[in-house]
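J.: If you're matching them up, the sequences are chains G and W in order. For the first sequence, our numbering gives the first residue as 133, with consecutive numbering after it. For the second sequence, our numbering gives the first residue as 13, with consecutive numbering after it.
These aren't lab readings, by the way, just hints derived from the structure by calculation. You can trust all of the hints, since none of them are fake.
The calculated DSS-like cross-link candidates involving lysine-lysine, where the alpha carbons are at most 27 Å apart (straight line), are:
id, chain 1, residue 1, chain 2, residue 2
1, G, 242, W, 205
2, W, 205, G, 276
3, G, 318, G, 274
Chain G is faced by these chain W residues, among others (derived, beta-carbon under 10 Å):
id, residue
4, 115
5, 183
6, 184
7, 188
8, 190
9, 192
10, 193
11, 194
12, 195
13, 201
14, 202
15, 206
Reference excerpt, derived from the structure (chain W facing chain G, CB under 8 Å, subset only):
id, residue
16, 186
17, 197
18, 205
Beta carbons are placed, not taken as given, at the ideal position from N, Cα and C, and that holds for glycine.
So you can see what is in the structure, the chains are spelled out below.
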Amino acid sequence: MGVAIEVKALNAWYGATHTLQDIELHIPANHATALIGPSGCGKSTFVRCLNRMHETNPIARVTGSVKIGDLDIYNDISPVEIRRRVGMVFQRPNPFPTMSIYDNVCSGLKLNGYRNRRELDEIVERSLRSAALWDEVRDDLKKKSGASLSGGQQQRMCIARALAVDPEVLLMDEPASALDPVSTSKIEDLIFQLKSQYTIVIVTHNMQQAARVAEKTGFFLNGRLVEFDSTHKIFTNPTDKRTEDYITGRFG
Amino acid sequence: MKPNLDLRSLWRTAKDRIATGLAILATLLVVAPLVAIFFYLIYKGASSLNWAFFTEIPKPEGEVGGGMANAIVGSAVILAVASFFGIPIGIGGGIYLAEFGRGTKLANAVRFTADVLNGVPSIVMGIAAYSLIVMPMHHFSSFAGGVALGIMMIPTVTRTTEEMLLMVPHSVREAALGLGVPNWRSVISITLKTASPGVITGCMLAFARVAGETAPLLFTALGNQFWSVSLNHEVSALPLQIYNYAISPYDDQHRQAWAGSLVLIALIVIAVSLVRFFTSRGTLKGAS
Chain G
133 MGVAIEVKAL NAWYGATHTL QDIELHIPAN HATALIGPSG CGKSTFVRCL
183 NRMHETNPIA RVTGSVKIGD LDIYNDISPV EIRRRVGMVF QRPNPFPTMS
233 IYDNVCSGLK LNGYRNRREL DEIVERSLRS AALWDEVRDD LKKKSGASLS
283 GGQQQRMCIA RALAVDPEVL LMDEPASALD PVSTSKIEDL IFQLKSQYTI
333 VIVTHNMQQA ARVAEKTGFF LNGRLVEFDS THKIFTNPTD KRTEDYITGR
383 FG
Chain W
13 MKPNLDLRSL WRTAKDRIAT GLAILATLLV VAPLVAIFFY LIYKGASSLN
63 WAFFTEIPKP EGEVGGGMAN AIVGSAVILA VASFFGIPIG IGGGIYLAEF
113 GRGTKLANAV RFTADVLNGV PSIVMGIAAY SLIVMPMHHF SSFAGGVALG
163 IMMIPTVTRT TEEMLLMVPH SVREAALGLG VPNWRSVISI TLKTASPGVI
213 TGCMLAFARV AGETAPLLFT ALGNQFWSVS LNHEVSALPL QIYNYAISPY
263 DDQHRQAWAG SLVLIALIVI AVSLVRFFTS RGTLKGAS
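This is chain G alone, in the form it adopts within the complex (with noise of 0.2 Å):
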């Protein structure tokens, strides 16, 4: 089941870039929560805090607060450890070019040791059906590689590795970015489906797509959270000058 993420004073830079600015943000569990905002205002950087990504950069810093559930990930527990609880699908699909499928969608459980044959085939289709790529995929499962499947079912197999460690938080960064309409569409009606056992956050630079899949938007300008409200009232009539003009097309 999916947990409620609260974020509190959440600043963050690379380098002397303060590229997160005092964000304060209550994603609710079991929904669909979408960022909105022009390239470069913070958004990606944001998820990227919440399992802690953010960090692996060598110039990257980070202070303030997130708790995802009851755990405060930045004191109760390693960044390893979070990682496994909160997935994460990238702008890109980056399957692992050397594994086949069946390895990509279970390597999350196999690099941490685990072993049971059985299990890991049951995990396998249990993850791969939740993604909706089980039937095209099932006759060469081990055959071949992820990387010569085409672009969205690559997206869809990332999505499917990220499900298998079975996480309670699922981030995707422009999940649909670099897909055609009919894989896109595929990765909306996914989320849709998945949104009640996993609370999703998503970046989008695509409104509609916000739009269509969350019931929550928040918008970013700059490094800051100018307005967070339901979808529905963002889209239709929001209270921030600058979420109108974006929403609208004046500018970004």
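Let chain G serve as the given structure and place chain W on it in line with the hints.
T.: For chain W alone, kept in the frame of chain G given last:
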């Protein structure tokens, strides 16, 4: 005035042909020496190859016949020792440079040292191994020869490993870290594995290079007219035997030197091909 397009396209086609021709010529020039050497070796050496060459040890000076069995085995022993030291240390160094030490002073120092080591004449490696291993042990040994060659392998293996690891896309590392895989595990099981074809090529290049080295063996492994596979004694090696026979006054030994050169090259090609065959098995359809 309208430019004459026909003439232009004719000139372009001509330029294209010329460039293609030059590229083919350059390719031939690259391959020609290799082919020439190989055929000359076959021409000079093949006639002296017989069963005895592979099974017998050298005959005493002046006697006709005998073989290089002890040198072939000795080379194998020395190269095994060299690979045992050179490959793990080299790969470890490459991993450090690419994954852990990026941008640090130590890494820059290691990289610089490796490049300098790569340029050190091989005979100097022999002297180093002589003073570090042969002198304290008070005798020559295949172990000392193996260490000398192993040290020579390190810089090549380190630098190719580093370069191959750096070619693995950042997104692949992120994928592993994002799944909650510890960094060390991700480096070994994901990054190194993804880079492994290139890393193996680097190891094979280093192996093939030292397999033909003579100078570092002159005062480490020394050479031996008799059987020895011990790590603790002087052994014969193909390059040493070739060297000794090539400068001897006997025609039969000259012929054997040619045959030994042919066998040395053939064995290197076979060893490299075998490694390639066994490491490329299990590659999946569409794997990049």
